[in-house]
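Peer 1: Chains as they are written, first to last, in my numbering: chain A, 54 to 341; chain B, 109 to 242.
Think of the hints as simulated: they come from the structure by calculation, not from any bench.
Possibly wrong hints are sitting among the right ones.
Simulated crosslink set (DSBU-like; lysine-lysine; CA at most 35 Å straight-line) [said to hold, decoys possible]: (1) B:Lys205 x B:Lys189; (2) A:Lys305 x B:Lys186; (3) A:Lys222 x B:Lys189; (4) B:Lys199 x A:Lys133; (5) B:Lys186 x B:Lys199.
In this text, all values refer to a predicted model and were calculated from it rather than measured experimentally.
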Amino acid sequence: MKKFILPLLGLFIVAPAQAHQPVMDMAPRWEDGYGFQVRHETYGSDTLMDGDSEIANPLDLERFVHKTWFEGVYTFERSKRITFKMPYIQQERTKNIGGVGVKQDNSGSGDLVLGVPLKLYSNQGAFTQNFGFTPSVRLPTGSTSGAFPISDGSTDLGLSFSYSSEDPKYYTLIDAFTWINTEGKRDMKAGNTYGLDVNLGYHPYHDDDTNSGAFIMWDVTARHNEDPSSRNLTTASGGSRVHSGPLLVLYKDNVMFRTEYKHPVYENTSSISNSRGPEFNIGIGITF
Amino acid sequence: MKYTLIPMAFCLFTLPVPALADHKGHDHTPAINKPLIDANIKAQPDESIIIVHGIVCSFCSQGVTKKLSKLDFIDPSKYTKGVKVEISDQKVTIAIKPGMEPDFDVIFESIKSGGYEPVKAYMNDGSIHTPKDL
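One chain only, chain A, in its complex shape (with noise of 0.2 Å):
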């Protein structure tokens, strides 16, 4: 219960971002503006998977990811930004050794992303687009000891092309990326990942005397990891997965709320191996 319970007050206690976040795609879009977010994202399952089948778990193997991101982003103008992304990672896992379920922990700092989105905006009315490009560096910033390591101790680079739209009423993302692993210590690689995330978002509140308002959004992540090098990673397993679940935005002046929640609805794991399990995040974000 305290695993939930501490990130859940620091989300509160800290002024408070990832790319496809409110704080850190759609604003500051101003010149010198800067934000922060924290943001919780929890998942994990017990159930345990074969390709695409569920398989019995008589050992009862599982593995569960709580991680609170520190994020923050400064537009030099609107495009060009520079962000940072430091999670806190609370991990767990029951594992097969020798044919006896063993539980295994860990937590600490991970490592940190710097990322710098480049976008090009066009603005046609009451509407509003831009093509991002984001290329991002992984620092090993994270523990890489332990039988169940925060991080595999190596510098990685990721790519993301997007697209942008958004008029009073609707909004639209879409997001192809890859991160491009690099082998770090103890022979430790976790495989290439490649994704597509698309946000299509309906605003159906809006006062402009309180400036408050909501979004609501539906959101779909294809991802398929390629396998890692080592079993110890968190990232036990290579596989396709698709997630797709709503998520609400809630704004007031400079302070934005939001909270998804995100179903498996395909899994193939290239192995024997933990279903990612629902994803759920929630996180609070202010700009200045």
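Starting from the known structure of chain A, arrange chain B on it as the hints suggest.
Peer 2: Showing chain B alone in chain A's frame:
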């Protein structure tokens, strides 16, 4: 999987956005996309109404308020620090301190640095100002 993601991404990138927004055939065309009639826009005394393209989300456009509110001829006692953004009409109303003359070059530059495109500014005396580069 990656061989299917790339074509999917291409298809989605090339999908016309109005098709996503208008999938039931309803007319969701925002009002601002229809021709603006200058005579229908009337600013109050000591105010100016500015039409700004792309200003569709108040949370995203708070930079416009932030930049405009710093100008010395803006009256912060009205609206939000002297600025009101109406996203449905693409209108930004600014309150001007009585007796002061607004500098529209500075206003247009402030809106641009806030990330959006100013189109026209309307004063109470019927005058209309446009950015020089339009």
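Peer 1: Against this structure, judge whether each hint is valid.
Peer 2: Results for each hint:
1. B:Lys205 x B:Lys189: Judged against 35 Å, a Cα distance of about 12 Å means the pair holds.
2. A:Lys305 x B:Lys186: holds (19 Å)
3. A:Lys222 x B:Lys189: OK: Lys222 of chain A and Lys189 of chain B at ~26 Å, within 35 Å.
4. B:Lys199 x A:Lys133: Distance of about 26 Å is within 35 Å: holds.
5. B:Lys186 x B:Lys199: holds (16 Å)
The structure shown violates none of the earlier numbered hints.
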